[in-house]
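Q: Make the full structure from the sequences, and use the hints.
Quick note, the sequences are listed as chains A and B, same order. Residue 17 in this note's numbering sits at position 17 of the first sequence; the count goes up by one each step and never skips. Residue 280 in this note's numbering sits at position 101 of the second sequence; the count goes up by one each step and never skips.
Don't take each hint at face value.
FRET-style restraints, in silico, Cβ to Cβ [stated by the list, open to error]:
(1) Pro117/A / Leu291/B: 33 to 43 Å
(2) Pro117/A / Gly1145/B: 54 to 64 Å
(3) Asp944/B / Met1/A: 16 to 26 Å
Worth flagging that the hints you see were computed from the coordinates, not collected in a lab. Virtual Cβ for every residue (Gly too), placed ideally from N, Cα, C.
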Amino acid sequence: MVELMAQSPVSSRLPLEIGGVTLALAEPGRVTWVAVRDDGALASALEEEVGCGLPTALRSTTASGLRLVWHGPGQVLAIGALPSALAGLPMTDQSDGFACLALSGHGARDVLARLTPVDLRGHVFPVDGAARTLLGHMTATLIREGDAAWLCLVPRSMADSAVHDLTRAMEGVAGRATL
Amino acid sequence: MRVRGGHEIDRRTPIRFTFDGRVIEGFQGDTVASALMAAGVRLVGRSFKYHRPRGLVTAGSDEPNALVTTGQGAEQRPNTRATMQEIWPGLEVQSQNRWPSLSIDAMAVNDLVSPFLGAGFYYKTFMWPRSFWEKVYEPAIRRAAGLGALSGDSAADRSERAFAHCDLLVIGAGPTGLMAALTAARAGADVILADENTRPGGRLLSERIEVGDEPGAEWAARAAAELAAMPNVRILSRTTVTGAYDGGTFGALERVALHAAPGAAPPECFWRIAARRAVLAAGALERSIAFPSNDRPGILMAGAARSYLHRWGVTPGKRVAIFGNNSDIYRTAKDLSAAGVEIAFVADTRPGESGKGDWPVFQDARVVATRGRRGLSGIKLDHSGGTAQLRADALLVAGGWNPAVHLTCHMNGRPVWDEAIAAFVPAPGAVPGLIAAGAAAGRFSTAACLADGVRAAGEALEELGYSLRGRPDLPEAEDAPYDITPLWTVKAPGRAWLDLQNDVTTKDVRQAAQENMTSVEHMKRYTTQGMATDQGKGSNVQALAVLADATGRGIAATGTTTFRPPYVPVPIGAMGAGARGEGFAPRRLSPTHAACVARGAPMIEAGLWMRPSYFPRDGERDWRESCDREVGHVRHAAGVADVSTLGKIDVQGPDAGRFLDFVYANGMSGLAPGRVRYGLMLREDGHVMDDGTAARLGDAHFLVSTTTAAAAQVMAHMEFVQQAYLPDLDVAFSSVTDAWAQFAVAGPRARDLLDRVLDRPVSWDGWPFMSCGDVSVGGVPGRLFRISFSGELGYEIAVPARYGGALFEALVARAEDMGGGAYGMEAMNVLRLEKGFLTHAEMHGRVTAFDIGLQGMLSAKKDFIGKGAAARPGLLDATRERLVGLRAVEPEDRIVAGAHLFGETGSEGYVTSAGFSPTLGGFIGLGFLRNGPERYGERLILKDRLRRIEAKVDVVAPGPFDPEGGRMRG
Chain A
1 MVELMAQSPV SSRLPLEIGG VTLALAEPGR VTWVAVRDDG ALASALEEEV
51 GCGLPTALRS TTASGLRLVW HGPGQVLAIG ALPSALAGLP MTDQSDGFAC
101 LALSGHGARD VLARLTPVDL RGHVFPVDGA ARTLLGHMTA TLIREGDAAW
151 LCLVPRSMAD SAVHDLTRAM EGVAGRATL
Chain B
180 MRVRGGHEID RRTPIRFTFD GRVIEGFQGD TVASALMAAG VRLVGRSFKY
230 HRPRGLVTAG SDEPNALVTT GQGAEQRPNT RATMQEIWPG LEVQSQNRWP
280 SLSIDAMAVN DLVSPFLGAG FYYKTFMWPR SFWEKVYEPA IRRAAGLGAL
330 SGDSAADRSE RAFAHCDLLV IGAGPTGLMA ALTAARAGAD VILADENTRP
380 GGRLLSERIE VGDEPGAEWA ARAAAELAAM PNVRILSRTT VTGAYDGGTF
430 GALERVALHA APGAAPPECF WRIAARRAVL AAGALERSIA FPSNDRPGIL
480 MAGAARSYLH RWGVTPGKRV AIFGNNSDIY RTAKDLSAAG VEIAFVADTR
530 PGESGKGDWP VFQDARVVAT RGRRGLSGIK LDHSGGTAQL RADALLVAGG
580 WNPAVHLTCH MNGRPVWDEA IAAFVPAPGA VPGLIAAGAA AGRFSTAACL
630 ADGVRAAGEA LEELGYSLRG RPDLPEAEDA PYDITPLWTV KAPGRAWLDL
680 QNDVTTKDVR QAAQENMTSV EHMKRYTTQG MATDQGKGSN VQALAVLADA
730 TGRGIAATGT TTFRPPYVPV PIGAMGAGAR GEGFAPRRLS PTHAACVARG
780 APMIEAGLWM RPSYFPRDGE RDWRESCDRE VGHVRHAAGV ADVSTLGKID
830 VQGPDAGRFL DFVYANGMSG LAPGRVRYGL MLREDGHVMD DGTAARLGDA
880 HFLVSTTTAA AAQVMAHMEF VQQAYLPDLD VAFSSVTDAW AQFAVAGPRA
930 RDLLDRVLDR PVSWDGWPFM SCGDVSVGGV PGRLFRISFS GELGYEIAVP
980 ARYGGALFEA LVARAEDMGG GAYGMEAMNV LRLEKGFLTH AEMHGRVTAF
1030 DIGLQGMLSA KKDFIGKGAA ARPGLLDATR ERLVGLRAVE PEDRIVAGAH
1080 LFGETGSEGY VTSAGFSPTL GGFIGLGFLR NGPERYGERL ILKDRLRRIE
1130 AKVDVVAPGP FDPEGGRMRG
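A: This is the structure we're talking about:
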């Protein structure tokens, strides 16, 4: 018999604050990849059970303790406890597949704009917006949690590189403020 | 010389910097150029080829002469244009391309032999012997002719890259750009206003122009302030838009912090701007006239002189002469005279024209000679009334304006010749979504620019569906006609320069034409006209005119050369900012990374992954000792290897089996739940793509494993197959490579080892070879697979990645107790070589299933990707190079991957993998050999001519160890 201790996906010390932007490791709990077909019935079952429907492209929906993130055509990431409305669909536990980094503070958008080509302007990427895109050279899922609060899901194995790239971008943005 | 005024400078803040070691004092806001001019420094650089003394010519990014180096060591930046570099306390500036000093340059001897160094000189001279070009001529020429040098120190990677998005990108913040930005911003559009200079205003800062009832500079400041206060506007100052690319994407270089001492801020930022529409309001660039000896320090553009005067309060001389073919000459004389500068004369090339003023005006005038080696001292003039020799320390030339059409040509557009202004103007629609306006479109008066900015923004907004609210009122401004009578060259004895940076003269262009380089592109390459770092901004059109004259075709018919990005030089350090180390390629770390490093394992790259090479122990002298020991762990006790990096794809859905049947060459749908099968995937062309296993976890649930190297390729391939070929199948899949940590546990005592960590023991009968199922490790749900890549009794155990580090430590500690331990990539390689198992060293993209002896796996009962192509006769030819095993004959002989196998006919094959087998006591390998499997028992010569290795090898069946597989199957 052994006792296995869980390990953080990042080796550096987080949270890290540079120039008013904070990078922290978020612990989103259970992350499940679900293959969905939006046939209307599923959306209304979800609506009824947890109070949020299926996300449309480039958006996420939230309800108590659950966030459903658009993850490509026919794919949703369910962050939080799985509602029974999703039962029976093809799904894969990805709780350990991603490292979830939280970037927040005035200037967080500028930091991300150094790494991702996605349009982050409010009317294009509003709160609850979500995109599968690039963060530097990494695939990432970006979710806008608040006006200046973002989640970046990166492959767990690349978490240290994501922290490296984000830290560098934060230093650049903070450095500009010294001029 | 410093005079009154200057919008840019703050006279309360003097700043000292050095130029070639000499301390120069300027003011906050000065550029190196303006400060040098104020200090009376006229000689600022040497030309590229003849090392001619040169001075400032422009006040902007089109400067051809004043290239300097700033900083030292890692901070050294060569080829900085002095006109764009603002000064800061302690800035060190060095001149370039001179030795031993700027005023005494030994290489100026080139100028004495210049009659021999004209166009085509290199092509004609350095022809033979052929090998001399690379070894002798080119290095010598490069030393003699050149720009600034890098220090050789690794530059700090402090710049940054960034992305921006907007509805309207306005390029240039002169009167046109400001009006366009105001129009769009007030209508509610997201606007980015990018401008090269320190502050918006463009020519309004360089001229005495009223806009409305206030000075143009003040109007510009007010407009900029209004824009800066709007949330939908981003003003990027010190930012040059460098290129126009597909889909409304623009590159731009921002000089973020080059105007200040190095600090925390990134020196530069390379922007990629995605704009739905763009307005090109980049203005126009003034051109010179090619008259004899027109390259002396002190001869510069009239418009630049007005910039220096109005922006920085400096003038290029005490007694200046003015020469030109349009009315700018009188504006220049008035402005400088008002600042207290003596005007030696105004020479108007046009007959019958004469502006008023307290200075001599010559009509129908030509400058035919100038004097002064290191700085202008005198001018000789032909004019309607005869000739004149006059003293002057500066000559300001107004040859007309070229609209800055460059960006409109970046997507293959060709500018159009406009006879009325004797200049090329942008072809409409040359870059989709980009509208040229103002001076960039050939509309030169201030009133026309202001109106055109509104017009261009209006067109863009209409296309974007904005209603034009708050359209700005057009202020009153000068609307003088642009009355140019073109004059390109002065026909008189002496060298008349076109491209100052590359030392191209009118004679060079004529000679090119004479030697049949009559196409403009040929002329460019033959003479190097326009090929310097300024891309001939100030000289191309004159050169075309000379070529047109020499060929008798006219300028419109001659056409232009191609303008390509970038508009200004972009340092690689900016374009590639952050692309170093992990920023170049992310490092993928397995959950055991820290544990492996703690054990001293050298980590090697496998794709993006870092994997342990071996685990050294005290007393081991080299990697081979460690590797041999680790092989022994697996063969005699139990070894533990991290295989988390292998690709894992979770495949689900009722049609999962059918789907896998189509992507794998062998059948998968018949696999029973709880069972694992080895599988082979082919590419569409019938060659092997990857191998791996498929484990059936449930009726509608498979787990596919791929090699580490091909994981992404296989995933992309499966997505393509699903979307393109099998969209109707009910199947879904997701990569779980990162989600699971997985370890090979192998060796005669593997089961014993597993039982020490699992919550329930592994029963022998319950886990036969190629079975899989769920297990529990310390309460953590995991998966167990009875598979082997070592030929021993082997399992792979998987747990969620967060527990991977802990499980690895637990397994390794217990294995060590049992006389085993961790093993790395080296031992893994030896173990599989002993068994003849394949990796991508063998499946290297050019081999078929037939070549590796797996033709039998290609199912005859179903269709699959690559089936038809794999059956092509040429791919089933027995004489193909096919997989064989190799053994060194002599115990001391090495087999090395990459070596060739020589038989009677020469090279008949090659080695793909090799290693020392401690189990078999000698080197073994895998390779490909013509008719391979038919040649077991033959003896061949192995040769590696790079490493000078030669050895006798025996051809054997792959996998000499335990060929029946009894140890693995149990």
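Q: Evaluate each hint against the coordinates.
A: Outcome of the hint check:
1. Pro117/A / Leu291/B: 33 to 43 Å: Violated - the Cβ-Cβ distance for Pro117/A and Leu291/B, about 54 Å, lies outside 33 to 43 Å.
2. Pro117/A / Gly1145/B: 54 to 64 Å: holds, 56 Å
3. Asp944/B / Met1/A: 16 to 26 Å: holds, 23 Å
In the structure shown, a violation is registered for the earlier hint numbered 1 alone.
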